[in-house]
Amino acid sequence: VSVYKDPANYKPVLAKLYGMLSLTGQQGPSGKPDLGIIDEGASSYLRQYWMAQELPTDEAVIGWNDGSIKDYHNMNWTSGNEFVRAMYDRIFVLVTSCNEFIRETSDAKLAERGISGQAAADAKAYRAEARFLRALAYSHALDLFGGNVPFVTEADAVGAFLPKQTNKQDLFAYIESELKAIETDLAAPRAGEYGRADKAAAWTLLAKVYLNAQVYTGTARWNDVVTYTNKVIAANAYTLEPNYQNLFLADNNNSREIIFPITFDGTRTKTYGGTTFLVHAPVGGKMNKDDFGINGGWAGLRTTKAFVSQYEDPSGKTDKRAMFFTDGQNLDINDIATFTEGYAITKYKNVTSAGVKGSDQAGDFVDTDFPMFRLADVYLMYAEAVVRGGTGGDQTTALGYVNQIRQRAGAANVTALTPDFILSERARELYWEANRRTDLIRYGRFTTATYLWPWKGGVKDGRAVEDFRNIYPIPASDRIANPTLTQNPGY
Amino acid sequence: NLSVMAQGQTLTGLVKEVDGTPLPGVTVQIKGTNRGTQTNADGVYQLTNVEPNATLVFSFIGKTPQEAVANGRSTIDVVLADDSKSLTEVVVVGYGTQRRKDLTGSIAAISSEEFQKGNVVTPEQLIAGKLSGVQITPPSGQPGGGSTIRIRGGSSLNASNDPLVVIDGLPVDNSGISGASNPLSLINPQDIETFTVLKDASAAAIYGARAANGVILITTKRGQQGDQLRINASVLGSVSVNSKLVPVLSADQFTTFVNTYGTAAQKALLGPANTNWQKEIYHPAFSVDANVSASGTYRKMPYRVSLGYLDQNGVLKTSNFQRVSAAVSATPRFFQDHLKVDINLKGSIINNTFADQGAIGSAIAFDPTQPVYSGQERAFGGYFEWLDGNNPNTSAPRNPVGLLNQRSDKTTVNRSIGNVAFDYKFHFLPELRANLNLGYDISSSSGLNFVPASAASLFNQGGQNNESSQSRTNKTLEFYLNYAKDLKAIRSRVDVTGGYSYQDFIRDNPSYPTRRADNTEFAPAGTPFKTQYTLLAFFGRANYTFNEKYTLTATLRRDATSRFSPENRWGWFPSAGLAWSLKDEPFLKGVTALSALKLRVGYGVTGQQDFGAVLSDYPYLPRYTLSDPTAQYQFGNAYYRTLRAEGYDANIKWEETQAINAAVDYAFFDGRISGSIDVYQKKTKDLLSVIPVAAGSNLTNQLLTNVGNLENKGIEFTLNTNPIRREGLNLDVNFNITYNENKITNLTKVPTPNDPGILTGDNISGGTGNKVQIHTVGFPTNAFYVYRQVYDESGKPIEGVYQDLNGDGKFTIEDRYRYKSPNPKLFLGFTSQLTYGRFSAGFVLRGNVGNYVYNNVRSSTGTRTGLLNVQGAPYLRNGSTEVLTSGFVGGSDQYLSDYYLENASFLRMDNVNVGYDFGRVFGKSSSLRATANVQNAFVITKYQGLDPEISGGIDNNFYPRPRIFSLGLNANF
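These protein sequences, in sequence, are chains A and B. Final position of the first sequence in my numbering is 1245; the numbers increase by one with none missing. Final position of the second sequence in my numbering is 1475; the numbers increase by one with none missing.
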C-alpha cells in the first residue's frame, strides 16, 4: 500500500489505532463511520465497553429506549443484542487494523522501503504500541467473551476468510506474551507523549489480566499482579491526583495519576461516544447543565441504591468520591425509564479544575479524557493481590496505598484489609470507570444471589441469573458470517 | 330536413386489401355525421339513406384511410393500402429505433398526448400510473422533489434500484446533486415528446451493466422537416393547498391531558394560548409555469428552441423551487441527407429554497397552549422557546415557525446536457449507417445555509453561515454501425447494430468550514472529496424478421467498469427475444374481431455496478482515508489527522440479473381493445450487498461484497379501450395492473439456515439507532421486523406485552417477526380521456395494494411519557392523538410493536382535468386551449397517517403532498 512508502504517514495511521478507542469515524462528530450496522454515536469503543462493564451492575442504569439496551441491566441479553455485537465488532476492527499496521511496519518491510535511521526507530516504537492496543482489545475479548473468539494476527492478511476460534487459555497466553515482548520497545513511564502507551500502560494491563487469571484460565496469578503493579509504582512517575474530582474534568490531561488515557477534545476529537456520553447522559432532572459545561443533559444514566450504600455516608461530606445528585431524585427505582428514579452521578464534567467550560462553544462535545488506567487502580490491584496471598508485596504497604486513596477522598483510614473490603473500595474509588462487571465476576457476585441490586435480572429487588452470563455470547451475526464459530455455553 | 332524408339511397360495396383479399372490420363512416358501419367477414358493407353527395370515410388500423364521394352511386368498392406510416411506426430502442411490429422485448412507449396533466414539475411524473410494471412513487410535497421509480421491483439490495435514464440517446447520471432532489428535476417536462420504458432484459440488455433496473428512454421535442415556424406558448397557474394534518391533541385536550397525568410542575408549564402549530407552518402556495417554444425549418434545417420558467412554492412556508430551462435542438442534413446531424442542448438553472423540514415534526410536538411569539422581541427572534436556564432546552422541540423563518437555505444548481450525434448513411451502401454520439452532462451546485445567531435551533453555536458546493462532469462517446435491409426475395428483414461506448464520471465535493452567523469559523473544513469512474462497453444487436411474422432479436454487450479490479471488470451481458405475429398466420387472418395477436418471449442478462459514491468508486483497492480536523487524535500537545485503513474486497464484481419474459400483445375490433399481458421473472445473483464480514478477516465489520440472491416475479396486464370513436366524440379508457413478488433467496456466502438477516431501513424516530426493517432469506426486501402486539378482550393493545414467538418462555429481541413490507403486491393505474367537440376531460386513478407503512408519528409521539417529558429541564410536548387511543405510557419497547404497522393500500385520484379548445382565435393556423386540473384530488385509504404512499415505508414527519388546483392556457401560432 502506497501510504507506507512515506514514513510521515505512520504516525497518522497509529493515531487512528488509538483514535478507534475514542472516535467513531473519520469525520467528527459523525460521518465516515468505522463500523456499520449500529448508530454511529453509539458505536464508540469506549461507550460500548463502558456500557458492557457498567450497565449490568449495581453501578448504573440507563433510561433510554435504544434497541435492546435495557437487556444489559435486566441481564437477559441474547446473541442478537446489537450492543454486544457493536462491542465485539469494535474489538475486531481494532485488532485487524493493528494487524495491518504491524504487518506493514515489519523490519523486513521497512528495509524493503528503504526506511532507516530515526524513521525506522520511530516505526518500531509505533509498532510496539499497535501491539499494545491489540493486546488491550484481546484482553477485552477475553474478559467479555470468555476468550472463545476468532483469533487473527499480522500473519493473517485482509481478505475473505473464516478466522479460527481460539480459547481462553491460548488467548491469555498470547496477551501475556505480547505485552512482555513489547516491554523493551515502549517508552519509559511518562517519558513519551501524552496519550501514547508506555511501559507502565503495558504493565498495568498485564496486572489487570493477571488479577483475573483465575476467572480467565482457572489458575490464579496473584504473584504476577504484585510484580507488575510494583513495576508501575516503582517507576515513581505517577502520583495520586490531590483532588479526586480533577481526574474527571476537562483538564484531566494534566493529571500525574493517569497511566493510560483515552483522549477527547471538544473541537478536535468530536464524538457522541466516549466521555461526551459520560458527561451528557447522566445529566437530567434538576441538574444544572452549566455545572457540567454542556448545553443540556441526555437524561439517561443513574445509579442504584445498592451502589449508593457502598458508602457509609453518601452525602459526600466524609467521602468526596460520593458524588451523587439527589435533589428531586428518588433513591429507589420503580421505573428505570424515569430519570428521577435513582440517584444521579456527577463524576464526569466538561469544566476544568478552575471551573472553566470546555473548548466547544456549542457545549456539545467535551474535553474530558477517560482515565483508562490510573494509579489508584494499580494500588488497589496490589492490595487485592497481597490480601489474596500474592507474594512480593506486603500487607502494610497495601494498607498504606489504600489509606492514601482514602485520605485523598477525605475518608477515614482503615486498619485492616479483606478481599470484600477491597471490592467495596474499588467500587467507591473506581465506579463508572468500566471495571465493575469484571470485579463482580472475580468475586463471584455478578450472576449469583450473593449480591443483589435493584432490577438485577429484571426484577425490582434483584435476582440471581444464569452463570453463563458471566461472559457475553458470540454475536449471532458473526456466527452467520463465520459458521466455524461455536457459541458460548448457555446462549 | 326530411326532403334530404328522403333523397337518400342504399349504398353497398366491398373493401379489399391491395392483394385482393377482402378486409373485414373496416369502419365506413359518412363524413360529417355520426353514422357509419363496418365491413362484414367478407369485406362487404351496406349503408342506407345516403345522400347522393355524401363522402364516405374508410378506415382500418394499419391502412391509409380513404375517402370516396358517393356521387349518386349505389356501389363503391375500395382497396385500402397499407399505411406505410403505421407499418414503419418506429419505437425508440437502445441505440436506434425499431419497427413496433418487430419488437420482441417488453417495451412500453407513451407520448406527450398521453402524459399526466397539470402542474407536473419533474418528467417522471408525466407517466405515473400510465404504464404497467412501472411504479412511480411521487415525491413528497417538497417543491421540485423527485419520485422513486421502480421497474418490475428493485433488483438490488444495496446497489441502486433506479432505472437508467437516457435522454436523446445520452445515458445520464442517475445520482442526484445536492440542491436538486432528483437529477430529472433539471429537465423541463414540457420539452419531452416521448417516454419509452425498456422493461425486460431482452430489451434492456443492450445497455448491459446499467440496465438491471430497466431503462427509460426520453426523447425531446424537435422540429420536423419542412415545418413552418410555429410558436407555442403556455402558462399554468396553480394553487397548492395542504389537504390533511396529523391528528394531534388540541389545546383543550392537551390541557386536560396534562392536568390529568402531569406533575404539579408540568401543570404550571401550561400556557394560555390556543395554537394550531400545523396550521402555522402550512399555507396555500401559488405556482406559475410558463413555457414558450418555437419550431420550424431554417434553410431546410429543422429546429426547435424552448424556454421555460417555473416558480413553485411549497405548502410548507419558505420552501420554493424556481427553474429556468432552455433547450435547443437542430437537425441539419448534408450530402443529400446522407449525413444527419442531431444537436441537442439543454440547460437549466434551479434556485431551490429549502424550508427547515424539522418544523414538520416540531409542529406535531409543540405545546398547543403556547403562543408563537413570546412577546420578547430580542430573545430568539421573538419566538416562544423552551429554555434550560437562559439557553434553549436542547431536548425540547424548537418553535416550528421560528425554525422556518430563521433559516435561509438556498442552493443554486446549474446543469447542462448536450450531445451531437452524427448519423451517416453510406453513399455506396445506403443500408449501412454509422452513428457517432458525443455528449456531456455537467452540473454544479452551490448553496448557502444561513441561520441567525439569535435562532434557538443553533443558539449554542452562534447560528450558521455555511457554504456548500458540488460538481459533476460526465462525458460520453458512443459509436455504432447499423445495417438494415429488407430482403424481399427471402421475405426477410435484417437489422444489425454493433458499437462501442465510453463514459466517464467525475464527482467533486469540496469541503467548507462550519461558520457561525457572523461568518467566523466554528469548525474547520473537512476532507474534500473527488472521485472518478469510467465505463467501457462493446455491444451488438441483430434483429431478423421473417415473413413479417417471426422476429428474432439477439443482443450482446461486454461491459467494463473501473470500479472492479482488472481481473473482474469485464462482464458479458447477452439477451435473446422471439416474437411471433399469430395474427398474420392464415388461420387467424379471417378472424375479423382480432386485429393483432403477437407472442413474445425473451431472456436476458443485465448487470449492476452502481452502488453510489458513498461506498467509494474503488471498492477493490486497499485505501486509506484521512480524517477531518474534527476527528483528530492527541499525542502530547499535538493533534493528528488520522489515516484509516478501509475494508475492501479485492474480488468484487458485477451483480447479475437474469430475466425471462413471456407476453401476449393483443388487439380486437379494429384496435379498439388492445393491450398486453406480460409474465416475468428476474433473478439477481452475486448481489452487491453490504453484509457483516467474519470478525478478524477484514478492516471493518461490514463490507460491500457479492453475496446473495434476489428474485422478482410478476404479471403485468394492460388494457386499452376506445369504446367511443366517432367524429367529435372519443373516449379512451385504459387500465393497467401489475403484480410483483419480491423475495430474497440467499444472503450468505455459506448456507446458514437460521440466519436472522440484516437489519435495514432508516432509523426510526424514538430511541437511538432503532430499526424496524430487515432483509431475510425467504422474505421480501425491507420486510418489517417487529413484535406481535397482544390485545385485551376489548381489542385494546396491552402495553409492553408481545407474543413469545420463539416459544422460549422469555420475551427477548428474538421474538420479533417479519411481517409485510413497504412494497405493494399489486399496483394499478386507471385512466380515461374523453373528447367531445371542443371539450375534453380526463382522469388518472392510481392505486397500490398490500403496501405497509410503519406509522412512526404514532409510535414516537403517541405515548404519555412522550408528551410529559420528565427527564431533564422541564418542557411539555404534544403528540399524536394515538396517546388517547392506546393509553400507552411509553418508555417500553413499544416502538417495535406491530401495532404501529398499518396497511397503506390506497386508491388515489392523481389527476382530474378538463379542457376547452377555442380553436383558431388568432388566425388560420393558430389554436388556443384552456385547461383546468386538480391533482391529488382524493385518496381512499385506511392508513391513519398523512399519506399512505411513503417511499421506504417509514412515515416520519412527511412533507405532505398538497392538493393542487391549476388553470392553464396554451396557444399555438
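Hints were generated in silico from the structure; no laboratory data involved. From the three backbone atoms N, C-alpha and C, an ideal C-beta is built for every residue, glycine too. Don't take every hint at face value.
[As the list claims (entries may be wrong)] Some chain A residues judged to face chain B by a derived CB distance under 10 Å, without partners named: (1) 776; (2) 782; (3) 847; (4) 939; (5) 942; (6) 946; (7) 1086; (8) 1090; (9) 1234.
[Claimed, not checked] Once the Cα atoms are required to be at most 20 Å apart in a straight line, the calculated EDC-like pairs of lysine to aspartate or glutamate come out as: (10) A/759 / B/1148; (11) A/1214 / B/1395; (12) A/1111 / B/1069; (13) B/1187 / B/1069; (14) A/1071 / A/1081; (15) A/1214 / B/695.
Hint by hint, here is what the structure shows:
The closest approach between the C-beta of residue 776 of chain A and any C-beta of chain B is roughly 7 Å, which is under the 10 Å cut-off, so the hint is satisfied. Proximity of residue 782 of chain A to chain B holds as hinted, the smallest CB-CB distance being about 3 Å (cut-off 10 Å). The restraint placing residue 847 of chain A at the interface with chain B holds, with a minimum CB-CB distance near 6 Å, inside the 10 Å limit. Because the beta carbon of residue 939 of chain A sits about 17 Å from the nearest beta carbon in chain B, more than 10 Å, this interface hint is broken.
The interface hint given for residue 942 of chain A is violated, since its Cβ lies 15 Å from the closest Cβ of chain B, which is over the 10 Å cut-off. Given hint, residue 946 of chain A at the interface with chain B, holds; its Cβ is 8 Å from that chain's nearest Cβ, closer than 10 Å. Restraint check, residue 1086 of chain A versus chain B: the minimum CB separation of about 16 Å is more than 10 Å; hint violated. Residue-level restraint check for residue 1090 of chain A holds (minimum Cβ-Cβ distance to chain B is 8 Å; threshold 10 Å).
The beta carbon of residue 1234 of chain A comes within 5 Å of a beta carbon in chain B, closer than 10 Å, and the hint placing it at the interface holds. Of the pairs offered as hints, the one joining residue 759 of chain A and residue 1148 of chain B holds, with about 17 Å between alpha carbons and a cut-off of 20 Å not exceeded. For the proposed pair residue 1214 of chain A and residue 1395 of chain B, the alpha carbon gap of about 18 Å is at most 20 Å, so the pair holds. Using a Cα cut-off of 20 Å, the hinted pair residue 1111 of chain A and residue 1069 of chain B is violated, with the two alpha carbons roughly 56 Å apart.
Distance hint between residue 1187 of chain B and residue 1069 of chain B is fulfilled; the C-alpha atoms sit about 19 Å from each other, no more than 20 Å. Proximity of residue 1071 of chain A to residue 1081 of chain A is assessed by CA-CA distance (about 16 Å); at most 20 Å being required, the pair is judged to hold. For a cut-off of 20 Å, the pair hint linking residue 1214 of chain A to residue 695 of chain B is broken: about 71 Å separates their Cα positions.
Hint compliance for this structure: hints 4, 5, 7, 12 and 15 are not met, and every other hint is.
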